[in-house]
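Participant: As a plain string of letters, each chain reads:
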Amino acid sequence: MDRELPSRVELLQGTLDLLILRTLLAGPSHGHAIAKHIRRTSEDLLQVETGSLYPALHRLEAKGWIAASWKLSDRGKRARYYHLTPLGRKQLASEQSKWRAFSRAVGLILNPVDQEGP
Amino acid sequence: MNAFFRRLRWLAQRSRKEAELREELQFHLDEEAELHQAEGLAEEQARWAARRELGNLTLLQEDTRATWGWTILEQLRQDLRYAFRTMAANRLFTSLAITSLALGIGANTAIYSFMDSILLRSLPVSDPESLVVLNWYAKTREGDSVMKAMSGTTYDEPNSGVTAGIFPFPAFELFQKNDSVFSIVFAHYPSWQMRRLNVSIKGQVDVAAGWTVSGDYFRGLGVAPVAGRLIISDDDRAGASAVAVVSYGFSQKRFGGAANAVGQSILIDNLSFTLIGVTPPEFFGVDPASPPDVYLPMHTNELLGASNQFGFRAENYLARNYYWVHVMGRLRPGVTLAQAQAALAPAFQQWVAGTATNDQERANLPQLVVKKGAGGLDSLRRRYSKPLYVLLTLVGLILALACANVANLLLVRAAARRREMALRLSLGAGRLRIVRQLLTESVLLALLSGALGVLFAIWGIRFLTLLLANGRANFTLHAELNWDVLGAAAALSLLTGVLFGLAPALESTRVDVMPALKESRAGQPAARHTVWRISLSQILVMSQIAISLLLLVAAGLFVRTLANLESVELGFNRENVLLFQVDARKAGHKDPEIAAFYADLRKRLSAIPGVRDASLSEDSLIEAGTGLPLGLAGAPPNPANRILNIGPAFFRTMQIPILAGRDIEERDGPGSPAVAVINEAFAKANFGNRNPLGQHLILREPGEGDRLARDMEIVGVCRNARYGGLTRDIPPVAYLAYSQGYPRPDQMVYALRTSGDPLLYINSVREIIHQADARVPVSEVRTQAAEIDHTINQEITFAELCSGFAILTLVIACVGLYGTVSYNVARRTGEIGIRMALGAQRGRIVQMVLREVLGLAAVGLTIGMAAALGTSKFVESFLYGMKSNDPLALLGAVAILLGAIILGGYAPARKASRIDPMAALRHE
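If you read the protein sequences in the order shown, they are chains A and B.
Taking the numbering used here, the leading residue of the first sequence gets 1, the next gets one more, and so forth.
Taking the numbering used here, the leading residue of the second sequence gets 1, the next gets one more, and so forth.
If you're looking for bench data, these hints aren't it; they were derived computationally from the structure.
It is possible that some hints are incorrect.
[What the hints assert, rightly or not] Taking lysine-lysine pairs in the BS3-like style, the calculated list, with each CA pair at most 27 angstroms apart, reads:
id: 1; chain 1: A; residue 1: Lys77; chain 2: B; residue 2: Lys17
id: 2; chain 1: B; residue 1: Lys590; chain 2: B; residue 2: Lys603
id: 3; chain 1: B; residue 1: Lys603; chain 2: A; residue 2: Lys71
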């Protein structure tokens, strides 16, 4: 159904925010590196669309969860580096516990431990 | 809040952010290309692959920008920029639209500011909302009533009955006792003799307006003095020392400052008063129509009345049947108007029933009506509210017309932009987004017009004030632009912007994209957006014509009324007469010397070079109105008879023809046989065909037994001349010599017949009177012509304003028509080209275009005529000498409008007939 489409996008978007925040926990990084990191770490299972990555980064910045500054990259070019703010750290913690609860709930339904008798 | 400021900072750094985003994305592309190159692609291919992966760059930028917030503001900025560009590109359209709207908004703002100051504004006192004014209502003014005598104004109610705000003093005391409702009750009394007080300050005399107030008046209103103290209860009792309070303006004018005034001793009507204080600058009393200069305690009425034969009588002060004091009160907190009415009405009812002596009086007792008092007395409101509502309706119609006009011009332009709209819709623009953009344009247009309109309003207010004041220096009506008025103007502009913008915006975005795109530039089918084959544009043109007709009819009616008034037969010659008033009695002259003083003054004035004749009368003819018991010898007095005390050569001076007998002459003085001149109406009513000369008239002094005052011989009959107004029927009038007994001379109005401009003689007059007696001030200086204009001031204002409105309307309507027809002609260039190529004559093309215009005009005129016939009766009371469906006004309006329509339609029609068929077809 058409109506499901927005909720799936919503879910993905929320997840992307979580993934970005988690990636930045390791230290400041620029957009391209974030995308690469997510792709590599997920063993190429998650492809981050550039078309949604940058809007997401700017949205998180607008919310004050991450902040940006211009630094020189490894290859000596100017790049926009994002880093977590204290607010973002807090947000990450709460998003993470929400995600864990969610995935546990989904896991419980998909792999029931005790099945009730017929 | 934090997020707000962050966004604000971003907005300021917007262009830097744009550049940063570009750089950030470029960096991404470089990195990606690098990656691909590392995987073995050639540099060029690696670049392309990176670009491909990135996808729609513009969309990405758009999406990212959206996260910065302020999308709506961002779009508004775009819309505004676009709107300004469009407006600049169509300068003629823009200036026409803005000017016509600004005139409409300006006129509305000006009229509204007058309504604000007259009808809506509260008194500048503390907590005006809790003030109430007490009134009474009686079913009829005919027959016996408990109201034996009155001093004050009564008003006829629209349907029936009569109402007034004056009470006997005992009733005021009754209200004072009712302290469950009021926290304080106070009274005031603007007696007629107070209107012109002779105020002498250190030998300098002038006329000032007075008002008497009860001891609680200032405390009740909550007014504090700027200097000294105000009148308190102790000042308002018999035997208290005579004190006075003056207004701030008066203290400035006569003492050069409030502080200087306090403690001064002044003479009021030759009686000594001590000035104790000054009211604040903003305070003007409780009647916005007449701000007093001097406030006196109520008890001074007895004092001042004693020296005047028609002055206030001490026995009336506590009389139960003499209605005179105005009563106001302040409601206790929490008490509503309805509660006050419920509590007081029965108490007054009981009291007033006790004053009735027979059944007829009991059947028509006045009933108490408690009214809001925040705005003070409603004399101004009663006088001006209806004219103002009529004017507001007229300017409202002008604004509607201007709106229709601009809507039509926008519609025409929108039609020209159909391809643009279709293109934008097909490229994926949302319809709402386009409507919003078009609305931004129209609202911007309206707001600019509003700003210009406020300028027009400032002029309008000045002009209207001049028009209404009509040369009077003490004009009290001061309208101004305050925040209320400006707010109303802004709201009006916004509303009009949405109103005239919405329809064209919706219309022009309702486009079938494909056909519109396929259309050639010039060949759009004629009637695309039709409702029952009538386009919105045609409806707008018709309504403009209808509205114009309404305004033209209004103008016609008022102009004809003015013409009727100006051609009223006066019975005297109004040109080259100077009038002014002097009151020697108030300056201390006594009988019988006062008559000699006036006679001597007349002689001195006659001697001024250039003064052809000079005379005097107790009132000017236009303001005359004295009724005393007068009748033929041997018959009872007839209440219809009127008198006017005059001096020698009055008829010669006013140039009223004497039909038989003679004028009053110098020999008709004290001691010589009493004489009178009657007018034709008097002769006809009392003597029929008999010769009135030599007959006797008896004048009695009202009071116990109506003592015989004068037995006069009729020595002349004069032609009917206006008496007491311009439009009233001329009553039977007897003109008496002023120096031959009761009523004894008080104030006098001198009339000088001059050669050349009467106003040139003012200085000589002032000099002569100052020489005769420096204590006697000259007041009410005016020419006879100006006095007459003053009485028809409202009619003059209406006629001039409405003529202006009508011209404005015609211009707006013509411009609208011209625009619409021109556009239609331009749209049909191809069709007309073909017709001409097939042999149509130029004349036929003109006819074709004009026929359509006249078709619209016929419908518009019919609707307008129906509306005019239906609504003109509302202005019936403003008309004189004609009915509201005056055929001349109606037909004149139709003729003028039709002429204007043909003019507006002919120019484009002629242009159509000049179309070169070859050029038109090639264009296709």
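Participant: Which numbered hints does this structure break?
Facilitator: 3
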